[in-house]
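Student: Each chain, written out:
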Amino acid sequence: MARILPLAEAVAENVRDGDTVAMEGFTHLIPYAAGHEVIRQGRKGLFLIRMTPDILYDQLIGVGAARGMKFSWGGNPGVGSLHRFRDAVENQWPRPLEIEEHSHAAMANAYEAGAANLPFAMLRGYIGADLPKVNPNIRSVTCPFTGEVLAAVPAIRPDVTIIHAQRADRKGNVLIEGIVGVQKEAVLAARRSIVTVEEIVDQLSPPSPNSVVLPGWAVTAVAHVPGGAFPSYAHGYYPRNNAFYIRWDEIARDRESFAAWMKENVFDAKPEDFARHAAKKSAKAA
Amino acid sequence: MTDFTPNEMMTIAAARALSNDDVCFVGIGAPSAACNVARLTHAPDITLIYESGTVGTKPDVLPLSIGDGELCDTALFTVSVPEMFRYWLQGGRITTGFLGGAQIDKFANLNTTVVGPYDRPKVRLPGGGGAPEIASNCGRIFITMALTKRGFVEKLPFITSMGHGEGGAHRERLGLSTKGPTRVITDLCILEPDPETKELTVVSIHPGVDRDRIVENCGWPIKFADTVIETPAPTETELAVLRDINARTKKAHEGTGSGKEAA
Numbered sequence: 019m020a021r022i023l024p025l026a027e028a029v030a031e032n033v034r035d036g037d038t039v040a041m042e043g044f045t046h047l048i049p050y051a052a053g054h055e056v057i058r059q060g061r062k063g064l065f066l067i068r069m070t071p072d073i074l075y076d077q078l079i080g081v082g083a084a085r086g087m088k089f090s091w092g093g094n095p096g097v098g099s100l101h102r103f104r105d106a107v108e109n110q111w112p113r114p115l116e117i118e119e120h121s122h123a124a125m126a127n128a129y130e131a132g133a134a135n136l137p138f139a140m141l142r143g144y145i146g147a148d149l150p151k152v153n154p155n156i157r158s159v160t161c162p163f164t165g166e167v168l169a170a171v172p173a174i175r176p177d178v179t180i181i182h183a184q185r186a187d188r189k190g191n192v193l194i195e196g197i198v199g200v201q202k203e204a205v206l207a208a209r210r211s212i213v214t215v216e217e218i219v220d221q222l223s224p225p226s227p228n229s230v231v232l233p234g235w236a237v238t239a240v241a242h243v244p245g246g247a248f249p250s251y252a253h254g255y256y257p258r259n260n261a262f263y264i265r266w267d268e269i270a271r272d273r274e275s276f277a278a279w280m281k282e283n284v285f286d287a288k289p290e291d292f293a294r295h296a297a298k299k300s301a302k303a304a
Numbered sequence: 003m004t005d006f007t008p009n010e011m012m013t014i015a016a017a018r019a020l021s022n023d024d025v026c027f028v029g030i031g032a033p034s035a036a037c038n039v040a041r042l043t044h045a046p047d048i049t050l051i052y053e054s055g056t057v058g059t060k061p062d063v064l065p066l067s068i069g070d071g072e073l074c075d076t077a078l079f080t081v082s083v084p085e086m087f088r089y090w091l092q093g094g095r096i097t098t099g100f101l102g103g104a105q106i107d108k109f110a111n112l113n114t115t116v117v118g119p120y121d122r123p124k125v126r127l128p129g130g131g132g133a134p135e136i137a138s139n140c141g142r143i144f145i146t147m148a149l150t151k152r153g154f155v156e157k158l159p160f161i162t163s164m165g166h167g168e169g170g171a172h173r174e175r176l177g178l179s180t181k182g183p184t185r186v187i188t189d190l191c192i193l194e195p196d197p198e199t200k201e202l203t204v205v206s207i208h209p210g211v212d213r214d215r216i217v218e219n220c221g222w223p224i225k226f227a228d229t230v231i232e233t234p235a236p237t238e239t240e241l242a243v244l245r246d247i248n249a250r251t252k253k254a255h256e257g258t259g260s261g262k263e264a265a
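Going down the list, the sequences are from chains A and B.
Numbering-wise, this note's numbering comes out as the position in the first sequence, counting from 1, plus 18.
Numbering-wise, this note's numbering comes out as the position in the second sequence, counting from 1, plus 2.
These are computed hints drawn from the structure, not numbers from a lab.
Among these hints, one or two may not hold up.
Keeping only pairs whose Cα atoms sit at most 35 angstroms apart, straight-line, the calculated DSBU-like set for lysine-lysine is [as the list claims (entries may be wrong)]:
(1) A:151 x B:157
(2) B:252 x A:288
(3) B:124 x A:151
(4) B:253 x B:225
(5) B:124 x B:60
(6) B:157 x A:281
(7) A:281 x B:253
(8) B:181 x A:281
(9) B:253 x A:288
(10) A:151 x B:181
So these bits of chain A aren't anywhere near chain B, every CB distance computed over 12 angstroms [stated by the list, open to error]:
(11) 30
(12) 35
(13) 159
(14) 163
(15) 172
(16) 175
(17) 220
(18) 252
(19) 259
(20) 264
Even for Gly, the Cβ is constructed at its ideal location relative to N, Cα and C.
Just chain B, same shape as in the assembly (with noise of 0.2 angstroms):
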């Protein structure tokens, strides 16, 4: 077996989770990798969506930012923000939202604003963006983050987006008919949340990943489901995509960055 990093096993596991019908928005960092490892290997049809406008985007590095002008450069079109969030989001017109976070509750709702009072913050994140609304409107939530104790939390100080709320049937409770988050993939395990309880629950393990790290490394006491597979490792092909995206990506991304450069 080919060696991996668990990064790279989190990102690759997120990129099988889509398919080619899919038509996604997608949040910067993590899921923008998973996103594009889809694109280049079993979903080439699927539509990527960035909040700055761009539709059916096929950049061939990733962007650093959400409106790179690769992104518009190889998009089907672009509309204005305005247009992206009323007609496109808000429409009802995605099927898969892909998001982060810094933190993450048990029942998958997200916070990326502050940590400690909002008032008078400990740290301050930088903020929502679209991911309130990209949490409710999209048919369907995937997140991506790393397993850690300070980002799976028992409670969040704050709910930037919804997951399921409080639990059960919270969503419905408010008048939602999205599905919410469907899945969580991270560097150790999948989680997907209890259909009943809503509670997130480990369903796939990584591989070389053993139970008590999953545990260690999470806030609150995790669950398992009576049937937990192990994800198959990931092949060399999408190793390879994987790796060769990065490498572009890195090698655009480089420079001096003085903003002195001379003409």
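Here chain A stands alone, though its shape is the one from the complex (with noise of 0.2 angstroms):
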């Protein structure tokens, strides 16, 4: 059954100096309040795993505390490339990242695996490309029926998944809605997970039987932290902040300028801080 916990002994609990860790969320939903509390607790050598590493990883690799990152796409999505990502990948800074490159089909079979307890996922994939060449990871399987020779990548199996979702109860019962990504497949493939979430509230009050819900029994530890995923977005509490997207990319492009924002706004910030972010646009909403 999940711990309802603060979010400080959440991360403290789940996640270990040189852990596998998925903090998953397809642009929506992203776990920004728990990341930079892993951030502030100071892990060190964590190999990160994500379809679409973006600011939230710039700044876990751009602070060091990344050895490694699993991933199919790299970018801040509508503006470029991610700065701090492209440092530790062309110069080594602040330390080296070794990197695991797939493709989005490959990644999503691959966590489908890993919550279904197989040892890898097959798909029809990587037909021409290169990826192949550079990724001892990915490999082929014949199927046995038809003989045809399929893409075979290995599970996905975190330490600790981390993920943001819109609401829980109070025996910490999980509710996605909107935009739902792999975030579901990550936290059953994961041995650990952490839920940030908008509200706790008595009853779900899911709006369609069909909703995705994550039992409490399928979740190691709940957090309540309102706003926990600005600068992206709670579907039906608070939109994406592109303005801060697009701002991102001149506070990364320079090491010093990254710096200084981390310290402000990472290190000597709370969780409690992203409160203001969802207190304004339910303001707004009302």
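Join the two chains into one complex using the hints; note that each chain is given alone, in its own frame.
Tutor: Pasting the structure below:
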């Protein structure tokens, strides 16, 4: 059964140095507050996993918390490059970064295989592409029925998955709505999981019987962190702050301006600081 | 004739490539603009799908990311990312993929991964995302990107997604039954693969552009089809729709972006 904990305790108990960590969210519901707590607690040597590493992973890489990253698209969507990621790959700053690169289809299938307790995923993928030449974890299997050769990638089994969601009830059942990405699979594939939520409520009150729900017994810890997905968004609560994504380009381009931003907004900040982003939008919506 | 920019001509020419019957997997950026202009002009019933899981979306402003809330709010339905790639893309339900890229070669292979060696890249680009499987699993592929020497290169340092490989029947040899890239729309002209060799060939030149400019901006000795037409200029309606959506988009994405707005 999920324990409902303050974010700092949830991270202290579940994220360890050297862990493989997936912080998922396909543009939507990215667990920024939890990621910042991981940075503040000084975790080192993390192997990060994520389909679409964006600003949050740029921050983890830029402070030197990551030894490696498995990913399929590493950019600032609609804006351009991740400058801290590029600095690590192109200049090994602040430390070298081991990369394992896949396509979205392969990563999605690999999470699903992890959730399904299978050793690998197969897909009709990578045909004519160069990634299999540089990633030894892209191999092939032959269908025993048709003889077709298919791409194979290892299942993703993170030590810990961290996601953000709209609501949890007091038993730790979690509701996710909107663009649900790969979050359900990422939690079910992991040994431990932390879910930060906008609200903790008596009843989840799902709007439809087909809502995505992670039952409390499949989640390790739930933390109440309103606004915790900012500058990404929580559908039904507050919108994506596209202007901040655009501005991140200039903040992260330069090592000094990045460090200054991180000190002010991460190292000297608290999870509660995220609440102002949620409060602002709900006040406007009311 | 109304004035228009090369970029506007590119977006509108790309929009015209789509029809009402298309079920289109939309890449972010220029493809997204083209697909939505098509939807707002001649193809109101086109089905637009973004890899974040939104199916049949009708955004009022162009999304900055492939997962903006606008896409989900206006979609017919939204699925998980594994379902998107397994059932809908790999399942062969998508007629048209619309891609962009950092670099393209004469057989319409695309690179969005690295410039320079993979292990010690000169420039690390974002990577393939959905493109490797979009390129092989959609019925056909349209590509839109500006024609520049940096972008249109003789040899790609890295093939992120396959177009026509080494040309000819390379796709068939790899077991692919989909058509691959059938049209490349640039800011100067439109290219299509030669039916036999699959080498990209200029078939239509935008108004006010001459052949020399196309030759100078391409990184390989570019070929022209026997019959080359002039691309019809944007109509006033097409331009108005494109400018409206761009204006709405700019307004929607503006803000201080400090991340520190007070409650």
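Student: Confirm or reject each hint.
Tutor: Hint check:
As the CA atoms of residue 151 of chain A and residue 157 of chain B are separated by approximately 17 angstroms, the hinted pair is consistent with the 35 angstroms bound. At roughly 32 angstroms between alpha-carbon atoms, residue 252 of chain B and residue 288 of chain A fall within 35 angstroms of each other, so this suggested pair holds. Distance hint between residue 124 of chain B and residue 151 of chain A is fulfilled; the C-alpha atoms sit about 19 angstroms from each other, no more than 35 angstroms. A threshold of 35 angstroms between alpha carbons decides the hint, and for residue 253 of chain B with residue 225 of chain B the separation of about 41 angstroms lies outside it, so the pair is violated.
Annotation: proposed proximity of residue 124 of chain B to residue 60 of chain B is violated, straight-line Cα distance about 39 angstroms (limit 35 angstroms). Restraint check: the Cα-Cα separation between residue 157 of chain B and residue 281 of chain A comes to about 44 angstroms, which exceeds 35 angstroms; the hinted pair is violated. For the hint pairing residue 281 of chain A with residue 253 of chain B, the CA-to-CA distance comes to about 31 angstroms; that is within 35 angstroms, so the pair holds. Using a Cα cut-off of 35 angstroms, the hinted pair residue 181 of chain B and residue 281 of chain A is violated, with the two alpha carbons roughly 52 angstroms apart.
Proximity of residue 253 of chain B to residue 288 of chain A is assessed by CA-CA distance (about 31 angstroms); at most 35 angstroms being required, the pair is judged to hold. Taking the CA atoms of residue 151 of chain A and residue 181 of chain B, the gap is near 24 angstroms; set against the 35 angstroms cutoff, the hint holds. Residue 30 of chain A, annotated as away from the interface, keeps every beta carbon of chain B farther than 12 angstroms; the closest lies near 25 angstroms. Every CB of chain B lies more than 12 angstroms from the CB of residue 35 of chain A, the least distance being 26 angstroms, so the non-interface label holds.
Residue placement check: residue 159 of chain A keeps its beta carbon more than 12 angstroms from all beta carbons of chain B (closest about 15 angstroms). Interface exclusion of residue 163 of chain A from chain B stands, the closest Cβ pair being 16 angstroms apart, more than 12 angstroms. Separation of residue 172 of chain A from chain B is adequate, the least Cβ-Cβ distance of about 16 angstroms exceeding the 12 angstroms criterion. No beta-carbon of chain B comes within 12 angstroms of the beta-carbon of residue 175 of chain A; the shortest separation is about 16 angstroms.
The Cβ of residue 220 of chain A sits about 25 angstroms from the closest Cβ of chain B, beyond the 12 angstroms cut-off, so the non-interface label holds. With a least beta-carbon separation of about 9 angstroms from chain B, residue 252 of chain A fails to lie farther than 12 angstroms from that chain, contradicting its non-interface assignment. Annotated as non-interface, residue 259 of chain A brings its C-beta within 12 angstroms of a C-beta of chain B; the closest such distance is 7 angstroms. At roughly 6 angstroms, the least C-beta separation between residue 264 of chain A and chain B is not larger than 12 angstroms, which violates its mark as non-interface.
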